[in-house]
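Following the hints, complete the assembly by docking chain B onto the known chain A.
Chains A and B are the protein sequences, given in the same order. Residue numbers are given in our numbering: position 284 of the first sequence equals residue 284, and the series is strictly consecutive. Residue numbers are given in our numbering: position 17 of the second sequence equals residue 600, and the series is strictly consecutive.
The reader is advised that the hints may include incorrect statements.
[What the hints assert, rightly or not] In silico DSS-like links for lysine-lysine, alpha-carbon gap of 25 Å or less: (1) A:Lys2 with B:Lys737; (2) A:Lys272 with A:Lys300; (3) A:Lys520 with B:Lys720; (4) A:Lys532 with A:Lys353; (5) B:Lys719 with A:Lys520; (6) A:Lys190 with A:Lys207; (7) A:Lys457 with A:Lys471; (8) B:Lys725 with A:Lys546; (9) A:Lys5 with B:Lys587; (10) B:Lys725 with A:Lys522; (11) B:Lys719 with A:Lys546; (12) A:Lys2 with B:Lys641; (13) B:Lys757 with A:Lys515; (14) A:Lys300 with A:Lys275; (15) B:Lys737 with B:Lys704; (16) B:Lys757 with A:Lys322; (17) B:Lys587 with A:Lys520; (18) B:Lys725 with A:Lys520.
These are computed hints drawn from the structure, not numbers from a lab. What you are looking at is a predicted structure, and each value in this text was computed from that prediction instead of being measured.
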Amino acid sequence: MKDTKIMLGNEAIARGAYEAGVKVSAAYPGTPSTEVSENIAKYDEIYAEWSPNEKVAMEVAIGASCAGVRAMAAMKHVGLNVAADPLYTCSYSGVNGGLVVVVADDPGIYSSQNEQDTRMVARAAMVPVIEPSDSEEARVFMKLAFEYSEKYDTPVILRTTTRLSHSQGVVTLEDRVCPVDKVYEHNFQKNVMMPGNAKLRHRFVEKRLRQMAEDACEMPLNTVSYDDTSIGIITSGIPYQYVKEALPNASVLKLGLVNPLPKKLIEEFASKVEKLYIVEELEPVIEEQIKSWGINAIGKEIFTVQGEYSANMLREAVLGEKTLLSTSFDVPARPPILCPGCPHRSVYSVLKKLKIHAAGDIGCYTLGAVAPLNVVETNVCMGASISTLHGMEMAKGPGYVRDWVAAIGDSTFLHTGVNSLMNMVYNKATGTVIILDNSTTGMTGHQEHAATGKTLKGETTYMIDIYSLCKSIGVEHVYEIDAFEIDELEKVIKRECAREAVSVIITKSPCALLKTFVPKGKCYAIPENCKKCGVCLVPGCPAITKNDDGTVIIDETMCNGCGLCMKRCKFDAIGFTPRAADE
Amino acid sequence: METKNIMIVGVGGQGTLLTSRVLGSITTKAGYDVKLSEVHGMAQRGGSVVTFVRYGDKVNEPIVEEGQADVLIAFEKLEAMRYAHFLKEDGVIIVNDYEIAPMTVVTGNAEYPENIIETLKQKHKVVSINAMEEAKKLGNTKCFNVIILGVAAKSMDFTEQQWLDVIAETVPPKTVELNQKAFAIGFEG
Chain A
1 MKDTKIMLGN EAIARGAYEA GVKVSAAYPG TPSTEVSENI AKYDEIYAEW
51 SPNEKVAMEV AIGASCAGVR AMAAMKHVGL NVAADPLYTC SYSGVNGGLV
101 VVVADDPGIY SSQNEQDTRM VARAAMVPVI EPSDSEEARV FMKLAFEYSE
151 KYDTPVILRT TTRLSHSQGV VTLEDRVCPV DKVYEHNFQK NVMMPGNAKL
201 RHRFVEKRLR QMAEDACEMP LNTVSYDDTS IGIITSGIPY QYVKEALPNA
251 SVLKLGLVNP LPKKLIEEFA SKVEKLYIVE ELEPVIEEQI KSWGINAIGK
301 EIFTVQGEYS ANMLREAVLG EKTLLSTSFD VPARPPILCP GCPHRSVYSV
351 LKKLKIHAAG DIGCYTLGAV APLNVVETNV CMGASISTLH GMEMAKGPGY
401 VRDWVAAIGD STFLHTGVNS LMNMVYNKAT GTVIILDNST TGMTGHQEHA
451 ATGKTLKGET TYMIDIYSLC KSIGVEHVYE IDAFEIDELE KVIKRECARE
501 AVSVIITKSP CALLKTFVPK GKCYAIPENC KKCGVCLVPG CPAITKNDDG
551 TVIIDETMCN GCGLCMKRCK FDAIGFTPRA ADE
Chain B
584 METKNIMIVG VGGQGTLLTS RVLGSITTKA GYDVKLSEVH GMAQRGGSVV
634 TFVRYGDKVN EPIVEEGQAD VLIAFEKLEA MRYAHFLKED GVIIVNDYEI
684 APMTVVTGNA EYPENIIETL KQKHKVVSIN AMEEAKKLGN TKCFNVIILG
734 VAAKSMDFTE QQWLDVIAET VPPKTVELNQ KAFAIGFEG
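Just chain A, with the same shape it has in the complex (with noise of 0.2 Å):
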């Protein structure tokens, strides 16, 4: 009997790959696709990176697969936009090892700024997609994306969802195949794309997914059942689930590569059933196809394009058939936010309290927009806070944020932060911009950066020094300070902010929830020194809560001792406990 596991779709994601014979990997975090790389990372055999951004993973990988050797490329659907550049081109220019790009969407919006579809990006590359369905298939069809990347000579998007990414399902092991490193050849017309190489390549890349959609009717790819056909369903991915469940005795054309589609087996199904369904979560990508070949189908009339699909769903839209559900609770909402012990909610509380805005950014911070800090006002993508200030500023002048800051992480500011602040100092701003210095990805789950001294595989090396950087791409007034250090933050903010040069304040303190942070204690309320003013409660740290009384408590199980509450009382009614030497 083989060995089997149970493996989040990330985990298999990253089994595959390492059985598929992958050499080198290069990744951004971002959820749901963080788990890919941090598996990877435990295979010795895989050279795997965190690399500052998608663009640069994409490279990273395109180099390897172009030197011979299988490679990867792991993000999330956002970071395809940024990776978007190096994707179009590699369509062209192809590969000589086998290049996957695996890419998570995220229907449902759980941990994202938008819901967009990979799909259609795929499309618009003229890149194959391939879409399992649960961990087993994310582990084999990931060996099968190498395969056909070499044998079409095309980079490979192998897309997943979070449903798919954050399921744990049973994984069969098999070994790693090693396949022989390919030999670089030079190649003019392949590898260097200029006008006259890049019309003939054109040419290439559609002909190449013409034979790919004839070749797709027999890949094993895409399966067939016959049951009852009165009702025949097309899908793929996670919804393929959902259907199994909801309609168990239906017809099922279950698609494995996405795009191309196989035109000639969809018509043969279409044919033989009597009511044809497409059912694909997000955008009508396989059904607008489908429709444009003339077949009748059923899609997004019926079904929605947003958020994620349920069994319980399909059976109301497809049978009529309404589940019957008990009412549900009227109960308070309990949106995300910022931890105990977070620095992010110090500097915040500054901020508010001076009523200064913040261009935000991506990250735990962007937190900061909700109450009860209501501090961040705008929200774009990775790096977008320090070029919509800038921007800003452009638009009204240096007096209109003479009250705004942009604030940005230390991993988003060296993903691609630091080419906004660039901007600003080459076109001659003045605005604030706070790096929140947490040393690390907090979001995504504490992944390693450049300015945190460690790399993906746990290896010292060299650590980015922020303060330095800043320095020398000509920001005069740089500062670095503790971010729960109020009284002085208040003033140099204050101070930058009034200042009409760009400036940097970069405030530094450990993520609470980072292995190697310890409490300095505990805080605790005095209640007969309480006046009752609340003015502890107004960065919204989840530990500490109002009394019937009016007076305060502190979850000594959640407190972790930032001691920002005591530092805002007026009245000694807090206190500290510091931490026993041997706790």
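Below, chain B alone, put in the same frame as chain A:
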């Protein structure tokens, strides 16, 4: 065997992922087909989190839908209330008698419901435990979730030894003894 549906709900940071890992491991070892679905990323930061566990002969979808859960394990009582309608008619709620106020309550925009456990009992079979108090007696509040798992385990089909073995393999080596004790408090209590 008909597929068994379990949900673990709580507040991000309470350790729902560890609990689901133990469940995944014990069901896989018993030879069942298993699917678990978790929440990572932003929602983990103090938000409402839910993990689905399904096991049986053949499991298709990885999520548990409304009206389908056999067991609802709630690490916080407001979260038990939020997901109670996912239970089957004869499903059981294992609830930690512990309150964490959501920010909507802290800021005064909503009220934390009173008498949650009594309200739940009017509609469902409910087992409640103050796991935080029990964990304090063990000297480490972090293991409260394993105590609750111990209570929930009584509604599942595995022996105490099977659970203890899986816990030993899943938790950090230094905490095995503590977690096994915590489990026993829930299971034997």
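Each hint, compared with the structure:
1. A:Lys2 with B:Lys737: violated, 32 Å
2. A:Lys272 with A:Lys300: Within the cut-off at roughly 22 Å; holds.
3. A:Lys520 with B:Lys720: holds, 23 Å
4. A:Lys532 with A:Lys353: holds, 19 Å
5. B:Lys719 with A:Lys520: Holds: Lys719 of chain B and Lys520 of chain A sit about 20 Å apart, inside 25 Å.
6. A:Lys190 with A:Lys207: Status holds; Cα separation ~15 Å.
7. A:Lys457 with A:Lys471: It is violated: about 30 Å lies between the C-alpha atoms, which goes past 25 Å.
8. B:Lys725 with A:Lys546: holds, 24 Å
9. A:Lys5 with B:Lys587: Distance of about 20 Å is within 25 Å: holds.
10. B:Lys725 with A:Lys522: holds, 16 Å
11. B:Lys719 with A:Lys546: holds, 23 Å
12. A:Lys2 with B:Lys641: Distance ~18 Å between Lys2 of chain A and Lys641 of chain B Cα, so the pair holds.
13. B:Lys757 with A:Lys515: holds, 15 Å
14. A:Lys300 with A:Lys275: Holds, because 15 Å separates the two Cα atoms, which is no more than 25 Å.
15. B:Lys737 with B:Lys704: Judged against 25 Å, a Cα distance of about 19 Å means the pair holds.
16. B:Lys757 with A:Lys322: Violated. Lys757 of chain B to Lys322 of chain A sits at ~50 Å, over the 25 Å cutoff.
17. B:Lys587 with A:Lys520: Outside the cut-off at roughly 44 Å; violated.
18. B:Lys725 with A:Lys520: holds, 18 Å
When held up to the earlier numbered hints, the structure conflicts with 1, 7, 16 and 17 and fits the remainder.
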